[in-house]
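Asker: Sequence lines, in order, name chains A and B. Residues in the first sequence are numbered consecutively from 12, following the numbering used here. Residues in the second sequence are numbered consecutively from 12, following the numbering used here.
Worth double-checking, as some hints may not be accurate.
Remember, identical chains collapse to one label, so a pair may be satisfied in a single copy or spanning two.
[To be verified] Heads up, simulated DSS-like pairs for lysine-lysine below, C-alpha to C-alpha not over 27 Å straight-line:
1) 132 - 142
2) 225 - 139
3) 157 - 225
4) 167 - 80
5) 97 - 139
Since the hints were derived computationally from the structure, they do not count as laboratory data.
Protein chains: 2
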Amino acid sequence: MPTHHNISIAVIRRLPRYYRFLGELMNVGLQRISSASLSEEMGLTASQIRQDLNCFGGFGQQGYGYNIKELHDQIGVILGLDQPTKAIIIGAGNLGRAVINHMDFGNRGFVLEGIFDQDKKLINQEIKGIKVLDTSEIQSFCNVHKPTVAVLCIPKTATEKISNLLIECGVRGFWNFSHYDINSDVEGVVVENVHMSDSLMTLSYRIKEANLDK
Amino acid sequence: MPTHHNISIAVIRRLPRYYRFLGELMNVGLQRISSASLSEEMGLTASQIRQDLNCFGGFGQQGYGYNIKELHDQIGVILGLDQPTKAIIIGAGNLGRAVINHMDFGNRGFVLEGIFDQDKKLINQEIKGIKVLDTSEIQSFCNVHKPTVAVLCIPKTATEKISNLLIECGVRGFWNFSHYDINSDVEGVVVENVHMSDSLMTLSYRIKEANLDK
Numbered sequence: 012m013p014t015h016h017n018i019s020i021a022v023i024r025r026l027p028r029y030y031r032f033l034g035e036l037m038n039v040g041l042q043r044i045s046s047a048s049l050s051e052e053m054g055l056t057a058s059q060i061r062q063d064l065n066c067f068g069g070f071g072q073q074g075y076g077y078n079i080k081e082l083h084d085q086i087g088v089i090l091g092l093d094q095p096t097k098a099i100i101i102g103a104g105n106l107g108r109a110v111i112n113h114m115d116f117g118n119r120g121f122v123l124e125g126i127f128d129q130d131k132k133l134i135n136q137e138i139k140g141i142k143v144l145d146t147s148e149i150q151s152f153c154n155v156h157k158p159t160v161a162v163l164c165i166p167k168t169a170t171e172k173i174s175n176l177l178i179e180c181g182v183r184g185f186w187n188f189s190h191y192d193i194n195s196d197v198e199g200v201v202v203e204n205v206h207m208s209d210s211l212m213t214l215s216y217r218i219k220e221a222n223l224d225k
Numbered sequence: 012m013p014t015h016h017n018i019s020i021a022v023i024r025r026l027p028r029y030y031r032f033l034g035e036l037m038n039v040g041l042q043r044i045s046s047a048s049l050s051e052e053m054g055l056t057a058s059q060i061r062q063d064l065n066c067f068g069g070f071g072q073q074g075y076g077y078n079i080k081e082l083h084d085q086i087g088v089i090l091g092l093d094q095p096t097k098a099i100i101i102g103a104g105n106l107g108r109a110v111i112n113h114m115d116f117g118n119r120g121f122v123l124e125g126i127f128d129q130d131k132k133l134i135n136q137e138i139k140g141i142k143v144l145d146t147s148e149i150q151s152f153c154n155v156h157k158p159t160v161a162v163l164c165i166p167k168t169a170t171e172k173i174s175n176l177l178i179e180c181g182v183r184g185f186w187n188f189s190h191y192d193i194n195s196d197v198e199g200v201v202v203e204n205v206h207m208s209d210s211l212m213t214l215s216y217r218i219k220e221a222n223l224d225k
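Kindly generate the complete structure, drawing on both the sequences and the hints.
Answerer: Set out below in structure tokens:
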């Protein structure tokens, strides 16, 4: 994959949305779209869209708009979705199982290779064909399978200890659902925190601002 | 609550982050913070922060910085977190239960009043003290309790029918975990979609851009 340095994280964070929208347009059979129509669909200005996509070398052809499949696939390559990164999940409670069952890791740049929990009732259960292992086996598993990423679906209190262990075991990225802020100052470790409550608070604002509450 | 018109959704979407950060600063006992320090903590420029907070009348005092608790509480009021909106959850599978157990609705502007599922095994189970009801009871429940918001933790295929029913029953806001795009063109209905896969794709990018994958 070509690397693209100095692209702002704000632009990066919009790419998955482009990817999703373009995928939906493909699914309904569309082949080309103008930046004006894309901007209407996505709620961004057309100039914003042109600027964003120019960061990566520009895909559009003046007057013809964008080839949807080409743009979709190229954004997929930029996001690295075609290069599966090995991942494990820590925590197979409701949240862990919801993530395993609902997320399409294979189409999002990852391959899920292991699931860990400390709850004896869950150990040896299979979820999507993967057997849940005891957290005591994390170290030996990592020595053999060398996962790059860990998805943390564990309580806040357990996160510091587990994330330190995982970093020692060679894990270099976290998708973090625990509400603990992993120290992302460690050189060469990236953390993507999921804060679902932010969108819940935004909904609260929008409900009240529009006087929809009775 | 005072309403604040014409504030861009981009600013609104940053307010929950301010709220979270300020809450964490309060928890460690801090009382004041300069916009420079706040900007460092949050990864935004100081001028961005001043601009954002000026949208709401400005809270800082030149040279003294922000009073953390005051700013936190005022953002809470702006977000409407002090005015509980009645909510119900549709879907009590892994995802629904994860949302019920992990989300602090009470401190996020909502009060959870009902849980619905069509799975006979789940009906009459209690989750956080609320009994799961059959989805066939949604209409009669809404007539009595008049919830404003529904949290949708159901498969994509079920969402169109259920969301139309809920709108008929007076629901005016959706926190939508299904991957179905609810038609948000209906007058006076707001939809907050949760796309967890966007942050997973961002993680894919960051892993590969930093060459962390082996």
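Asker: Failing hints, ascending?
Answerer: none
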